[in-house]
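Top to bottom, those sequences are chains A and B. FYI, the numbering for the first sequence is 0 to 301, going by numbering that gives the first Met the number 0. FYI, the numbering for the second sequence is 0 to 130, going by numbering that gives the first Met the number 0.
Check the hints yourself; a few may be wrong.
[Unchecked claim] 20 angstroms max Cα-Cα, derived EDC-like pairs, lysine to aspartate or glutamate:
| hint | chain 1 | residue 1 | chain 2 | residue 2 |
| --- | --- | --- | --- | --- |
| 1 | A | K253 | B | D99 |
| 2 | A | K294 | B | E79 |
| 3 | A | K10 | A | E48 |
| 4 | B | K98 | A | E59 |
Just so you know, these hints were derived from the structure itself, not from any lab.
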Amino acid sequence: MNEEVYNVALKTALTEIKNICPDINGSFILMNNGTLIAGDGQAIDSSAERAVSSIQDLAEKAASVGGLDGLLIEGENGKVYVSRINDMYFIAALSKQTDLTYLRNVTGVILPTILKVLDNISPETAPPTPLKPFQHFPQTQFKPAPSKPLGKEEVIEETVDEAEAPVSPEAPEVLESETEIEAQDEEEEEAQSEAEAPKRLINLPSQQLIVDKFGGLMVRSDTVQIDSEVLQRWGSLMDVKEIREVDVETFSGKTARCKAKVISDEKLEGRGLIRIPEKLCDTLEVKRGELVRVKPIVPESD
Amino acid sequence: MPVKKKIPQIETTEQVDWAPRIEVKAQLADLRAVLERIKARDGVVGYILRAETSASVDIKDPSKIIDYAVLSASTLESVEGLMEAFGLGKVCSVIVLGKDLKVLLLTVGEHRVSVFMEKNVDHDLICKELL
Chain A
0 MNEEVYNVAL KTALTEIKNI CPDINGSFIL MNNGTLIAGD GQAIDSSAER
50 AVSSIQDLAE KAASVGGLDG LLIEGENGKV YVSRINDMYF IAALSKQTDL
100 TYLRNVTGVI LPTILKVLDN ISPETAPPTP LKPFQHFPQT QFKPAPSKPL
150 GKEEVIEETV DEAEAPVSPE APEVLESETE IEAQDEEEEE AQSEAEAPKR
200 LINLPSQQLI VDKFGGLMVR SDTVQIDSEV LQRWGSLMDV KEIREVDVET
250 FSGKTARCKA KVISDEKLEG RGLIRIPEKL CDTLEVKRGE LVRVKPIVPE
300 SD
Chain B
0 MPVKKKIPQI ETTEQVDWAP RIEVKAQLAD LRAVLERIKA RDGVVGYILR
50 AETSASVDIK DPSKIIDYAV LSASTLESVE GLMEAFGLGK VCSVIVLGKD
100 LKVLLLTVGE HRVSVFMEKN VDHDLICKEL L
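Make a model of the complete structure from these sequences and hints.
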């Protein structure tokens with residue numbers, strides 16, 4: 000019901016915006032839970048879903064500029080305008096002559112106002128699903144260490160699920176004792192996660208290294224060679240004996256997790272190189288001399 | 000002192016024709032000179048210039064090079080997807096607005112340029128200068 004109210008309100012808003020700005024050929028709202036809302040007379044077809052997927056991809060990559068706030072694409076036959084409103088994205092396909100300032104003013108006033116009104120009318124009409132990041136964001140391997148212990152997040156998710164579960168009034172005592180036990184468990188988990196926190200909060204070092212190819216009959220394609228000095232430094236930074244695995248990220252965004260060994264050729268030591276087997280180079284589409292970013296992986300056992 | 004690196008780019012058999020060829024006789028050297036001038040402006044963080052076989056990167060903060068390069072490359076892919084989805088033809092220019100920075104992406108002759116700048120910089124001026 001809540002979702003319906005929200006959807007209807009936003010759908011109407013999109014239709015009204017289109018009435019005010021006839022240059023809009025199509026408009027959508029991408030909600031923070033991944034739901035796509037289209038204006039009247041527009042179908043959410045595969046192309047709209049593809050567009051949304053593109054925006055989600057871009058939003059993920061835009062973390063390096065502080066997150067995606069807006070996007071404007073000028074094309075041969077029109078424009079695409081994307082604007083972030085609260086936790087949602089307003090996406091519009093526009094004709095070439097569209098007055099963007101006018102559109103910005105209209106959308107920047109109407110949509111936030113509607114959202115605020117919906118929130119004020121009834122707190123229950125707040126977005127139905129929990130505020131989560133976009134669902135199909137792929138987990139990149141190079142995400143920084145979590146800012147808070149993962150254990151806590153898991154605990155929170157568990158409690159939310161439990162809160163949503165139907166409560167039977169017939170067995171309050173059992174539930175209370177269960178809750179107490181759960182509360183104790185949570186405290187224990189929290190204490191555990193706090194104890195583990197210093198390890199998890201390590202800011203993983205990364206380094207840009209120059210690619211050097213190598214090959215041969217006995218070469219394992221899943222093992223790269225790195226300066227012993229670099230591996231030792233990472234080891235001491237992360238307080239582990241040995242770095243066994245690293246993530247390699249290329250200039251074009253391709254990544255691979257590989258085993259790491261010390262460079263076998265002494266002549267090549269200390270030059271800031273990463274020696275990558277030919278096969279892996281092909282997979283990563285990197286060539287000799289290119290830069291890649293290398294990040295050590297914390298061994299689970301340590 | 001900003002670090003300037005020249006990184007050979009990956010050769011791909013499938014070259015994506017993501018933007019119309021703008022008829023400007025921009026020689027690479029001229030383009031670099033223009034970009035250097037642009038980079039010297041207040042608020043401009045750096046640029047990435049991609050040719051078919053190479054890429055020049057000049058970013059004030061070298062630790063951001065790969066992040067920006069990945070953003071630049073993935074923006075082109077995403078934008079292409081969006082344009083296809085909406086049937087709006089080839090891309091002329093793109094502005095990505097981040098919370099901290101914005102990025103101007105455009106094609107100049109055979110080269111793809113990404114200019115990273117602070118949000119208060121007038122990207123229209125830069126666009127005009129490049130075209």
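Here's how the hints hold up against the structure:
About 25 angstroms separates the Cα atoms of K253 of chain A and D99 of chain B, which puts this hinted pair outside 20 angstroms; it is violated. With a C-alpha separation of about 30 angstroms, the suggested pairing of K294 of chain A with E79 of chain B is violated against the 20 angstroms cut-off. Under the criterion of a C-alpha separation no larger than 20 angstroms, the hint pairing K10 of chain A with E48 of chain A is consistent with the structure, at around 17 angstroms. The suggested pairing of K98 of chain B with E59 of chain A holds, with an alpha-carbon distance near 13 angstroms, which does not exceed 20 angstroms.
Comparing the model with each earlier hint shows violations of hints 1 and 2; every other hint is respected.
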